[in-house]
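Novice: Starting from two chains that each stand alone, build the complex the way the hints lay out.
Each protein sequence line maps, in turn, to chains L and E.
Sequential numbering from 1 applies to the first sequence in the numbering used here.
Sequential numbering from 1 applies to the second sequence in the numbering used here.
Treat the hints as calculated values from the structure; they're not laboratory data.
Treat the hints loosely; a few may be bogus.
[Unchecked claim] Here are a few chain L residues that face chain E, going by a calculated C-beta distance under 8 Å:
id	residue
1	V9
2	R10
3	K30
4	V121
All residues carry an ideal CB built from backbone N, CA and C; glycine is no exception.
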Amino acid sequence: MPRLSVWFVRASLIYLLLGFFIGALILAHKGIPYYAPIWNLFPLHMEFLLAGWLVQLAMGVAFWIIPRFSSGSPRGPVGLVWLSFALLNAGILITALQCWFPVSVLIGRTAEVVAGTLFVVGSWLRIKPHGVM
Amino acid sequence: MPLLTRTFIKTAMICFTLALTLGITLAAGVTSGLFPIYIHLLVFGWLTQLIFGVVFWMFPKYSVEQPRGSETLGWWTYVLLNIGLLLRAIAEPIQSTESNPFSGWMLVFSAILQFVAGLLFVVNTWARVKER
Numbered sequence: 001m002p003r004l005s006v007w008f009v010r011a012s013l014i015y016l017l018l019g020f021f022i023g024a025l026i027l028a029h030k031g032i033p034y035y036a037p038i039w040n041l042f043p044l045h046m047e048f049l050l051a052g053w054l055v056q057l058a059m060g061v062a063f064w065i066i067p068r069f070s071s072g073s074p075r076g077p078v079g080l081v082w083l084s085f086a087l088l089n090a091g092i093l094i095t096a097l098q099c100w101f102p103v104s105v106l107i108g109r110t111a112e113v114v115a116g117t118l119f120v121v122g123s124w125l126r127i128k129p130h131g132v133m
Numbered sequence: 001m002p003l004l005t006r007t008f009i010k011t012a013m014i015c016f017t018l019a020l021t022l023g024i025t026l027a028a029g030v031t032s033g034l035f036p037i038y039i040h041l042l043v044f045g046w047l048t049q050l051i052f053g054v055v056f057w058m059f060p061k062y063s064v065e066q067p068r069g070s071e072t073l074g075w076w077t078y079v080l081l082n083i084g085l086l087l088r089a090i091a092e093p094i095q096s097t098e099s100n101p102f103s104g105w106m107l108v109f110s111a112i113l114q115f116v117a118g119l120l121f122v123v124n125t126w127a128r129v130k131e132r
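If we strip away everything but chain E, and leave its shape as in the complex, we get (with noise of 0.2 Å):
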């Protein structure tokens, strides 16, 4: 299993466990803002990491040079993502309490991370779906 789908993997397990610990205190009556950081660390973190970094590893390959296409354009994905994900977890329960134009700003900034992590992860697999 390559470096890159084993840190996706582990992160994507973190993620899993903060969201379940993050429920309890969602249960515990604790709302302010932590649902959707509840529901993203779920789907987002956890589901769509762990299927970014199996993807990575077991898709057919894009050549015999490059079989896992970019390794480059995936370690971007993946600190993108992260990046995004951490700094929506720390904005959001702010921007729902006391918002400012900073916390504000982190959203907006989260926003444009996550996305392009997207992008960058549909750009570099997209070749390697394809017809034996």
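Okay, chain L solo, but in the shape it has when bound (with noise of 0.2 Å):
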């Protein structure tokens, strides 16, 4: 597993567990009323699971998994896809202080949009058939 597919998914790996742990909060508190503004963590619990856990460990699959190039650098633009994971993660921690600065969701989830593209423009020569260099 290369270097940035590591990060990717030990990054996911951490945001699984914070997502399952806000869940759980929330889910004790429909059980047991115990504190109410717990569901002012909602949005995060959804941000770390979708963004964070689901689409970073999909990323960090695909950049170990897909097709490498047999000439110059295997897995294409590297410093794209590196560039790619670091936008994602400050956009989903940007996105996260949304209790306190309501802005910050613009802000974060333009981060990840651009993460995003950046990660399908570092892979996209790499989705080809067999035998192509």
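Specialist: If you want it as structure tokens, here you go:
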């Protein structure tokens, strides 16, 4: 597994734990109410599990698994995908501030869109038939 | 494909089918506490469980002796995840329509089981996420 995939996948595992933890707090509150403001964490639960866990894991595994080039950099423009990793995680963390700074959703989501676009650009040419250089 | 992976994937497929069926019920207007069950059957019971199974099978080997890490931890993850999801699927509609201490504590218990399932999965997977 390449180093960048290790970072993507380990970050996704951390978000899985955070998302599960928040989800457990909310579900427990549904059962035995103990602190109503816990619902303020609901957007974080969704953000961490959808973008942080599912999307990030898919990006990490895709970077590892999809076909490589036989000449030049085997996984294409790796720097671009590192930037995508950094922006995705910055976007998730900025979005997580929405309880306190509502404008952070717009900034965070924009970072996530740029991250996704960089990932697509960096991976596009690797989606190719077997035997193509 | 190892037995644990097959069990994860087949259970995930059952959750997928149940979620789609529940979607029809929701579309027919029966909504009492069922929407969160629908979402979690899809995202947790189907997608996440499918991923857990495939990760256990396909990720880099932990060691020659234990290529897939601890199989016991893997089975505990499976059991806790599915008991937690099942308890939630039973208790949440009851709690949203006729709230009572029994269904309330079932939800708390379900929350703990699902979190521990995630924790065990991460513990068992972390060392397998490594550079070659």
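Novice: For every hint, state whether the structure bears it out.
Specialist: Each hint tested on the structure:
no.: 1; hint: V9; in the structure: holds (5 Å)
no.: 2; hint: R10; in the structure: holds (5 Å)
no.: 3; hint: K30; in the structure: holds (6 Å)
no.: 4; hint: V121; in the structure: violated (24 Å)
Hint violations for this structure: number 4 only, all remaining hints satisfied.
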